[in-house]
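S.K.: Here's the letter readout for the chains.
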Amino acid sequence: MPATPESAEPRAGPAAVPIVLLVLPFLILYWGMIYFDRNSGWFSQEVYAPYYSVAELTLYQPPTGGLDLARGKAVYETICALCHNNDGMGKPNQAPAFVGSEWVLGSPNRMIRIPLVGLAGPVKVKDQEWNLAMPNMGAALSDDDLAAVLTYIRVSWGNKASVITPAQVKAVKKEIGNRTQPWSASELLAVP
Amino acid sequence: MNHGPLLFLAAFFALASSWCGFVLAPQLQVGQMQQTNTLSGGATYPVARPGEAQQGLQVYRANGCASCHSQQVRQSGTVCDVVLTEAGTNQAALIPALVTLKCGTIPTQAEQRAAATAKDKPPARLQEFSEPGARDLLAHLPQPVRQGLTREEANADVKALTAAGAKASIWIVPVGPDISRGWGRRRTVAEDFLFDYPVMPGVQRVGPDLANVGLRLPDASWHLRHLYAPRLYEKGSTMPPYRFLFEKRKIGKEPSPEALALPAEFAPEAGLEIVPKQAAKALAAYLTSLRADAPLFVAPLVAASPTTAAATNAPGASEPVSTHAVPTTAPTK
Amino acid sequence: MFFCSACWLVLASAFALISSIKFHSPSFLADSACLTYGRVHTAYLNCLLYGFCLQAGLGVALWLLARLGQTPLAQPWLVIVGTLLWNAGIKLGVLGILRGDGTGFEYLDIPGYAAWITILGYLLIGLSGVLTFHQRCELRLFVSQWFIFTALFWFPWIYATAELLLVKFPVRGAAQVAVWAYYNTNLSTVWLPLVGLAAIFYFIPKLTQRDLHSGYLALFAFWMLILFGGWTGITHGAPLPAWMPAISTVATMLLAVPLLAVALNVHLTLYGKSWHRSADIPVRGAAVTEPADRNVRAPMPPPDELRPSLRANAPLQFITVGAVALVLAWLMKMICAGVDVAYPLNLTWLTPAREQLNSYGFFSLVMFGAIYAILPRLTQTEFPSPRLVRAHFWLALLGVLLTVVPLAGAGIVEALRMHDPDVPFVAIVKSTLPFLRASTTGDLFLAFGHVIFLINVAGLAVRFYRPRVAGAYADATADLSLSEAQP
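Chains as they are written, first to last, in the working numbering: chain G, 1 to 192; chain P, 193 to 525; chain F, 526 to 1012.
Worth double-checking, as some hints may not be accurate.
Said to hold, decoys possible - Facing chain P, a subset of chain F residues (Cβ under 8 Å, in silico):
id	residue
1	HIS566
2	THR567
3	PRO681
4	TRP682
5	LEU689
6	LEU690
7	PHE694
8	ALA700
9	TRP756
10	GLN905
11	LYS955
12	SER956
Please keep in mind that the hints were generated in silico from the structure rather than gathered at the bench. On a predicted model such as this, the values are computed, not experimentally measured, just so you know. Just so you know, even glycine gets a beta-carbon here, dropped at the ideal spot from N, CA and C.
Could you build all of it, start to finish, from the sequences and the hints given here?
M.R.: Here is the structure:
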C-alpha cells in the first residue's frame, strides 16, 4: 500500500503582526475601562446590574416611613426580650405575650405610655389575668428608638397594627409630663 | 531558549490570574455570604428550605430540569412610583397640586389596549389630567399617581403633595421583560441561592423561568398533575410527561387521598389510580418553595406589609393594586 | 484512542437525536426515567465533549507534539493506560448521568465518583505529552507546540478546581455559579480553541504546502487567548454582583483580537500572497499591505492551481470550515455579551447554537480533519474509501449548518417575542418548533456522518491490523507446523 509522500513539516512565515492588531487591544481596553467604571459597581458585593454603584442603590432604597424594623428589632432584643421573649410570646409568671394582645394592637397612645413609666397592678391580657409590675424600660430610650421598638412589636409575629412615629412618642411624653408612677389598667383604658 | 518552562509559567500565570478573579474573589465575596435581613420586616433571609424541598432539589438536579428551565429573573432598571395614600384635609390645595404634577400614570400596554377597546370612559388616570380627573382620583385612594419616575423626581413630587397636606409614599418598582411577564418582582441575587446545592440558574428557557414559581403556582397538587401530564394545562407544551415519578396502582378499599385528580383523557383506566412517588412529592415541595421576591438591600422593592416568620422566603403581598402587580388570576406560564 | 472517540461520537449523536425528537413528540420514550430529556440531553453533551472532543483533542495533541518534536511518543504505555482509564471514567459517568447522579452543573455533569478516574487518565496522557515535549529533538518550536503544551496544563487545573469546589467541597451559594462559569469558559473558549488552533495552524500549512502566514500572529493570538479567554464566562443575568459580568463582557470584547489574528492568519495562509516553498528568501512584512507586489514575487503557481487542492482534500476542507466556525462562534459570543440590546439573547436557543458551533462546528470538524490527515500518516495505510471520507465532510457541513442556523434563528425569534410581556409563553414555544424540527434533521445528518466516520476509522484500523494479524498468525502456525513436522 503506497503511502502518500510525506511533505516537509510546516514552517511559520516571518510576517509581522499588523500594527492595527497591536493597537486594537489597547483600544478595546480603553472602552473596557469606561464600561467597567460605569457598570461594575467597582467590585462592590452589593451592586447588582442594573444598579451601577452603591450610591445609586442607596438612592433607590424604599423610604422607611417610620418602619425601621431592623432598629426596632435590635432594641427589642436588647431590652424587652428578656421578659417578653424573642418571639413575643411572653414568659409565664414573668411577662404577658405581645402576640395578638389588645394592648399592642389597640390605641397607640396606650401602648406608648406603658414603657414610659411602667404598668402595675391587675391587668387583663387576652383573657388572662396578670398582676405583676412592669418597670419603665422605655424611659431611657430616645423617641426614635422607642417608636422603632413599638412599631416592631406592632407589626411582627402576625400582629398587624399601624406604625408608631417618633412624633407620636414625643407628643405622649409631653402629655404625661414628669409622671413617674406606673399606670394602672383602668387609667390606661381611659386614654383614647 | 528553553521554551518549556516559559510556556508553563505563561499558562500558570494566565490560569492563576483568572482563577483569582473568578474563583477566589467570588468565594471571598459571595461564598462567605451570611444570611441578611429583608428590608421590610427585618427578618432573616433566606431561610433554609424544609427537608422535603431539599430532597426535591436533588430530584430537580437528577432529572436535568435545569437544561430547560432557568431560575434567574433579570431586571433592566428600577423606577419609582408616587402613591397617594391619604388625601388629607386640604383638598383645595391638593387638587391644583395634582393637576400641576400632571398626575396621569403611564398606562401599561394592556391598559392601553383595554382603553382602546373599552366602551366606557377610560379611568381618570388615562385621561389628560384635569380637575374632575383629580377629584375622581381622590375617591379611589390609595392610588399610584405617577409612575416610572427617577428617585429625584419622585422625591420632588412627594414634597409637593405633602406640602398640600396629603400623605404620599414612594414605591420602588423593578422593571424588565421578565418582571413584566410575571416571573418575578425583582431580579434574583446571590442571597436567593445561599443554602442551595447545587445552584442551577439554568442556561436556557425552553420552559418558563422557575425562580418564583412558588408564588405563581403555590399549589403542590397543581405541580403534581402538571408533572404527570403537562399537556393537561397547556396543549402545546413540549415538556415531557414525567410518568415514571408516579405509580399506577389498583384502587384499594377507597381511593388514596394522594391520588391525582385527572380529567378523562389523562386519567387511568377504571379501578386504577395515579399516586405520586416520594420523588414527585419532593419535587412539588421544592417547586412550591421557590420564591425570590423578598426585598433586600441589594435588590430593593416595596412590599407593603412586613414579613412574618415564614417557613419560606417571601412576605405576603397585600398592597393596593398597582399596574405593576403580578397578575394573580390565571397562572402565567 | 481515535477509535474510542469515534464510538463515543456515535453514542453522542444517538443521544442527541433522542433529545431532539423529544421536542416534537414529548411523550417519546417518556416512561423511562433514564431516558428523560434532562438526562439524555446532558448525556449527549458530556459524551460529545468528554468522549469525543477531549479524547480526539488529546490524540491529535500527542501526535503533533511527537511529530513536531521529531521524536517518538514518550512512554506509550502511559497513553494506553490513560486512555483506558479515561474511557472507563466517561462510561461510568454517562451511566451515572442516566441513572440520575449528574452533578447539576451543565458540562460538568459527570458524577464525582467517575470524575477522578477520568482525571487520572488525563494526567497519565498529559504526562506522556509533557515527556514527549521534553525529549524533543527538534528544538525550534512551531506555534502549535505552544498551544498544545499550554493546553496540557490548562485542563487539569480547571477540572480540578471545578471538581473540588463544586463537587467535593462545594462552595456556598452563588459562588458555585462563578466557579462553574469559570470552568465552562476555560474549557470551551480556551482549551478547545488551544488544541483546535494548534491543529489548524499545523495542518493548513502542511496540507497546502505553504508556509503559515505569520508565526508571530499565531503567537499573538495565543497570548491574547490565554490571558483574556479565561475571564469571559459570566453572563449578564447571572445572580452575581455586577463586577463579574462587567469583567466578562470586557474580556469577551477583547476576544476580537485573537479572532482577527486567527482569521487573518488562516486567510492569508490559504489565499494570501504567501511565500511558496520553492521561493527565494521572501520579502519581509510586505504581505499584508501591497497586493500589487504579487507579480513581483518569486515564482509562485497561479492561484487557480491552489484552489482545487482545497476542494479535493477532505481534511483540509474540514479544517478550513472549522476555522471559519471558530471565528463565527467567537463573533456570536461577542455580540451576545457586548451589545446592550443583545442581552435577551442570552437565555434563549442562541446559547446552545453557539455552543454547538464552538464544540462541533469548530472543534469536532477540525478534529475530523486532523484525524483524517493523521491516521494515514500514522499507520502508513490509506483509508479504504476516500469517497466515504468526502461524504462525511458534506454530511458534517450540512449537519452543522442545519443545526446551528435554525437554533440561532429560534433564539432570535424567542428573544424578540419574549421581550413583549403579553405574548404567552406557549406561543413562543410554538414559534420555535419549526426551527427545532430543522435542527433535528441536522442532527440526523450529523449522526449519519458519525457512523461513516466510525466506518472509516474502523476500516482503516482493520486494514492496518490485518497484515499484522495475518503475519502473527502465520508465524504462530508456522512454528506449529514445524514442530509437528518433527516428531
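S.K.: For each hint, tell me whether it holds in the structure or not.
M.R.: How the hints compare with the structure:
{"no.": "1", "hint": "HIS566", "in the structure": "holds (5 Å)"}
{"no.": "2", "hint": "THR567", "in the structure": "holds (5 Å)"}
{"no.": "3", "hint": "PRO681", "in the structure": "violated (10 Å)"}
{"no.": "4", "hint": "TRP682", "in the structure": "holds (5 Å)"}
{"no.": "5", "hint": "LEU689", "in the structure": "violated (10 Å)"}
{"no.": "6", "hint": "LEU690", "in the structure": "holds (7 Å)"}
{"no.": "7", "hint": "PHE694", "in the structure": "violated (11 Å)"}
{"no.": "8", "hint": "ALA700", "in the structure": "holds (4 Å)"}
{"no.": "9", "hint": "TRP756", "in the structure": "holds (5 Å)"}
{"no.": "10", "hint": "GLN905", "in the structure": "violated (30 Å)"}
{"no.": "11", "hint": "LYS955", "in the structure": "holds (5 Å)"}
{"no.": "12", "hint": "SER956", "in the structure": "violated (10 Å)"}
Consistency with the previously given hints fails for numbers 3, 5, 7, 10 and 12, ordered from lowest to highest.
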